[in-house]
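Peer 1: Letter by letter, the chains look like this.
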Amino acid sequence: MKQDTAAKTMVIASCLYFGLALTMGLLTALKFIVPTVGEIEYLSMPRVRMLHTNINLFGWLLQADMGILFWILPRILHTRLFSEKLGVVTGILYNLTVIGGFAAIILGHVKNVEYGEIPPPFDYLIAVCWVLFLINVVGTVATRRVKYLYVSVWYALGSVIWTTFVYLTGNMFSQLPMVSGVNEANLIWFYVHNAVGLIFTPLGVAIAYYLIPKQLDTPIYSHKLSMVGFWVISFVYVWTGAHHMLHGPQPYWLQTVAIIFSWSLIIPVMAVITNFFGTFATAPRGLRMKGPIPKLLMMGTVYYIFTCLQGPFQAIREVSEIVSKTDWVVGHAHMALFGAFSYYAMAGVYYVAPKMAGRPLYSEKLGDLQFWIMTLASIPFFAVLWISGVVQGYAWLNPANSFVETLEAIRHAHIMRFSTGGLIFLAYFLFLYNVMQTFFGKYGETAEKETAVAE
Amino acid sequence: MKVNVERSLLWTATGAFVLFAIGAVLTTIVPPLVSKDMQVSQYPLHEYTEQELRGIEIYKREGCVYCHTQQIRHLESDQKRYGWRLVDAAVSDSWEYVNDKDNFLGTKRTGPDLARVGGKYSSEWHWAHFKDPRNMGEKFPNRKGIYERASIMPSFAYLSDEEIKDLTAYIQTLGRNKNWRVDENGVPLNDYEK
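As you go down the protein sequences, you meet chains E and V in turn.
With positions in the first sequence counted from 1, the corresponding number in my numbering is that position plus 362.
With positions in the second sequence counted from 1, the corresponding number in my numbering is that position plus 291.
These aren't lab readings, by the way, just hints derived from the structure by calculation.
Don't be surprised by glycine CBs; every beta carbon is placed ideally from N, CA and C.
Take these hints with a grain of salt, some might be off.
[Said to hold, decoys possible] Label pairs and their in silico Cβ distance ranges:
{"#": "1", "chain 1": "E", "residue 1": "Leu448", "chain 2": "V", "residue 2": "Ser451", "range": "46 to 52 Å"}
{"#": "2", "chain 1": "V", "residue 1": "Arg298", "chain 2": "E", "residue 2": "Leu455", "range": "31 to 37 Å"}
{"#": "3", "chain 1": "V", "residue 1": "Asn481", "chain 2": "E", "residue 2": "Thr385", "range": "49 to 55 Å"}
{"#": "4", "chain 1": "V", "residue 1": "Lys371", "chain 2": "E", "residue 2": "Pro581", "range": "56 to 62 Å"}
{"#": "5", "chain 1": "V", "residue 1": "Glu429", "chain 2": "E", "residue 2": "Leu378", "range": "45 to 51 Å"}
[What the hints assert, rightly or not] If you want the footprint, here are the derived chain E segments under chain V, 3+ residues with CB under 8 Å:
{"#": "6", "region": "407-421"}
{"#": "7", "region": "519-527"}
{"#": "8", "region": "678-690"}
{"#": "9", "region": "762-768"}
Build the full structure now, drawing on both the sequences and the hints.
Peer 2: In structure tokens, the structure reads:
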């Protein structure tokens, strides 16, 4: 089978899902302004919201990361993908699975697991696909032709191992008959939190660790920092799930443990970020911001710092009292999954698409334009959610404000969220057009295809 | 023997797994063993009827949890806001949830918390509210004005009459594992609406 077929399938499919997910996001935002829009069962606000998160997580981000890694890993390891056939089977099965899952959600067959609403049998099939992916990753590492494992490989390995357990805990163990109530909530929070921290973070960081030095033609700033970042995150990330439930009915000691470990997360994050910025700072000036790829990587890293500092901050009991359960949290989640990791994934797509198509990116200018629109729209998009959260959080402190009054006070924020979200949605089409043109468009230039090893 | 982790697939993978597994076990399996009331209750709990169980399925299917939490946190603001008719809402304890196969503790309050809403309104009120939260008809005149403008709860008019009754039956059980409605002397008020 032709090299990179698996990578290509998954990357292209993921870009299409991204648009669908954004559509659902925009519709949810609209329903916050005009709740009577689309008043039918299949488009009720909670269903649309579930589609928005699940399509983003499983259709777009996870799939894009998998596709990009299918391409990157053989390059780092100077070998071929362990099995291209298995890769293609994974890609096809995965897409059939997630489509089935999304259809089930629309029809109201859902699991009561946030980020894991996709019901059986589709969630089991996702786990199967993940194991197939794991076999391919581990197999590729085992058949490598270089001695050392580069940082991206550590993160890819860590992620495939951790994710297997995190996914099973949230989607299967939490559903066992003897698990209920607060215990179930704890298992689900373990999943939700680590889905971001031990699935999307390591996959995104793996991609950035490959792309930043490649694109800037500069070695990674510090090998020691790479090691600190990886080994510390392996240990500390997993403890923090309970910081989402501060002041709630969960055991107090568990909350305290989560708070302490949330603060220790600053160590690995700062190690990674210093490393990325160090590489940017030591790169030749001309390359630092040339075209959309380094821009997306740089801005993704900026968002990564902010999310990761916001995390421990929110885990302070007094802060949580104000911002928890408000729009603030929605802003925080968007900055992590859209701001940081979707930016890395888009950089990855812009990087691998031309390589796979064997010619340069259709238009760097268009890529730049997309970057600027998305970035200038996403900053107020996040900010307005935080502001709204703080306003409502303080308003809730006074019992004299009725609930609907506090809701009316943040109406302007919901309008802003919809309009800035609309701009992000528009910019997405520039991204899609650029990528699709690169793969399928009719334009002349050809460049050499980068193969991992000779055919 | 000198191990070079960075050259070894086995060592990198094992190391990453072991470090992760320590925290994973201590935060998932251990908590219910240490804090037993996460999974067992020493107080009597309400056993859901068939109808209420159907209501729970509807609550889950319709995703009410994405807008409503069910937890009175250890915060005065929660207790004051979600209490009604002059009694503050009691804080939610772990044991109260033990019979909830699906937990609806929730993460986002787009609408008010529902942990103690059982008995706050009559079932007739809920009926009108599910049909149209922005226009509950002449019987509930104090829902005019700001609710028409600012309630963003969707209308669930597409549910069948049976479904609305099932859902309401479940809603009326919320928060009543604890008989929290007592006067200053601890005498039960028994003023729940039907």
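Peer 1: With a cut-off of 8 Å between beta carbons, are at least three residues of the region 519-527 of chain E near chain V?
Peer 2: holds (count 5)
Peer 1: Does the Cβ distance between Leu448(E) and Ser451(V) fall inside 46 to 52 Å?
Peer 2: 47 Å, holds
Peer 1: Falls inside 49 to 55 Å, the C-beta gap from Asn481(V) to Thr385(E)?
Peer 2: For Asn481(V) and Thr385(E) the Cβ distance comes to about 50 Å; the hint holds.
Peer 1: Count the residues of the region 407-421 of chain E whose Cβ falls closer than 8 Å to any Cβ of chain V, and tell me whether that reaches three.
Peer 2: holds (count 5)
Peer 1: Apply the coverage criterion to the region 678-690 of chain E and chain V: a residue qualifies when its Cβ sits closer than 8 Å to a Cβ of the chain, and three qualifying residues are needed.
Peer 2: Our answer is that it holds, as 3 residues pass the Cβ test (under 8 Å) against chain V, meeting three.
Peer 1: According to a criterion of three or more residues whose C-beta lies within less than 8 Å of a C-beta of chain V, is the region 762-768 of chain E covered?
Peer 2: Contact hint for the region 762-768 of chain E vs chain V: holds, 4 residues under 8 Å.
Peer 1: Check the following: the C-beta atoms of Lys371(V) and Pro581(E) are separated by a distance inside 56 to 62 Å.
Peer 2: 59 Å, holds
Peer 1: How does the Cβ-Cβ distance of Glu429(V) and Leu378(E) compare with 45 to 51 Å: does it lie in that range?
Peer 2: Hint holds: Cβ distance 50 Å, inside 45 to 51 Å.
Peer 1: How does the Cβ-Cβ distance of Arg298(V) and Leu455(E) compare with 31 to 37 Å: does it lie in that range?
Peer 2: 33 Å, holds
Going through the hint list in order, the structure satisfies each hint without exception.
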